[in-house]
Amino acid sequence: MRFSDEQANEEYKSTISALIAKYGTSTRVPRDEWNEATETLRLRQTINAHEGKVTRQLLSQYMFPEFIVRKVDPDFEGFEPKVKRSDKYDIVYKWLDENPGKQLTTQELCEITEMSYPTTLKFIDNNPHYFRKIKRGQYEVRNPQAEREAEK
Numbered sequence: 354m355r356f357s358d359e360q361a362n363e364e365y366k367s368t369i370s371a372l373i374a375k376y377g378t379s380t381r382v383p384r385d386e387w388n389e390a391t392e393t394l395r396l397r398q399t400i401n402a403h404e405g406k407v408t409r410q411l412l413s414q415y416m417f418p419e420f421i422v423r424k425v426d427p428d429f430e431g432f433e434p435k436v437k438r439s440d441k442y443d444i445v446y447k448w449l450d451e452n453p454g455k456q457l458t459t460q461e462l463c464e465i466t467e468m469s470y471p472t473t474l475k476f477i478d479n480n481p482h483y484f485r486k487i488k489r490g491q492y493e494v495r496n497p498q499a500e501r502e503a504e505k
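Here the sequence shown stands for residues 354 to 505, where the numbers follow my numbering.
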């Protein structure tokens with residue numbers, strides 16, 4: 354998937370020349386087709402700058418559209434559907450219900466839930482009925498339903 358900068362530039366120039374020949378002048382070339390050629394060049398230059406190593410994080414950091422990546426490398430498997438925060442929260446609630454009484458740190462909860470540290474802190478603050486603070490950064494998982502039933 355790696356191209357030299359010269360190859361990438363030559364391909365870009367030939368693509369733009371073909372578009373100008375097809376539409377007559379550069380002002381008549383549709384913006385989508387012009388942007389596709391430009392984004393393809395930018396992707397190839399980015400790949401060269403990162404020594405041919407392409408990751409999903411790199412592509413999202415540079416905001417490359419999926420169709421451009423597929424055009425350059427049809428076998429790239431890095432695109433997976435994003436998981437919504439609400440789906441992550443559902444997984445966390447299920448895990449909390451299955452593990453009452455367990456003591457854990459904020460960092461451990463981050464790893465379990467696959468959420469960022471600030472998002473995990475926000476989750477803990479918004480759900481105090483699921484956590485009892487033991488000390489700074491350490492919590493005990495509670496099951497509020499079981500505690501309510503035990504009080505009855």
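Hints listed in this document are in silico derivations from the structure and should not be mistaken for laboratory results. Built from N, CA and C at the ideal position, the CB exists for glycine as well. Some hints could be false.
Computed cross-link-like contacts, DSBU-like style, restricted to lysine-lysine with a CA-CA straight-line distance of at most 35 Å [claimed, not checked]: (1) Lys455 / Lys424; (2) Lys424 / Lys437; (3) Lys455 / Lys488; (4) Lys455 / Lys475; (5) Lys424 / Lys447; (6) Lys488 / Lys475; (7) Lys406 / Lys455; (8) Lys424 / Lys441; (9) Lys406 / Lys435.
Listed next, with one range per pair, are the computed distances between beta-carbon atoms [what the hints assert, rightly or not]: (10) Leu411 / Pro453: 21 to 29 Å; (11) Leu474 / Tyr376: 22 to 30 Å; (12) Trp387 / Leu474: 24 to 32 Å.
Below or equal to 35 Å on CA atoms is what counts here, so check lysine 406 against lysine 455.
Given pair lysine 406, lysine 455 is violated - Cα atoms ~40 Å apart, limit 35 Å.
Distance restraint between lysine 424 and lysine 441, which requires alpha-carbon spacing of 35 Å or less:
Holds, at roughly 32 Å.
Between lysine 455 and lysine 488, is the straight-line Cα distance small enough, at 35 Å or below?
holds, 14 Å
Honestly, do leucine 474 and tyrosine 376 meet the 22 to 30 Å range at C-beta?
violated, 54 Å
Straight-line alpha-carbon gap lysine 424 to lysine 437, limit 35 Å:
holds, 27 Å
Agreement of lysine 455 and lysine 475 with the hint, judged by alpha carbon distance not exceeding 35 Å
holds, 20 Å
Agreement of lysine 488 and lysine 475 with the hint, judged by alpha carbon distance not exceeding 35 Å:
holds, 17 Å
For a C-alpha distance cap of 35 Å, please report whether lysine 455 and lysine 424 respect it.
violated, 48 Å
Are the Cα atoms of lysine 424 and lysine 447 separated by 35 Å or less?
Cα-Cα ~40 Å, so violated.
Note whether the CB distance of leucine 411 and proline 453 lies within 21 to 29 Å or breaks it.
violated, 40 Å
Just tell me: holds or violated, for the beta carbon distance of tryptophan 387 and leucine 474 against 24 to 32 Å?
violated, 45 Å
Pair hint lysine 406 and lysine 435, alpha-carbon separation not exceeding 35 Å:
holds, 21 Å
When each numbered hint is compared with the structure, violations occur for hints 1, 5, 7, 10, 11 and 12.
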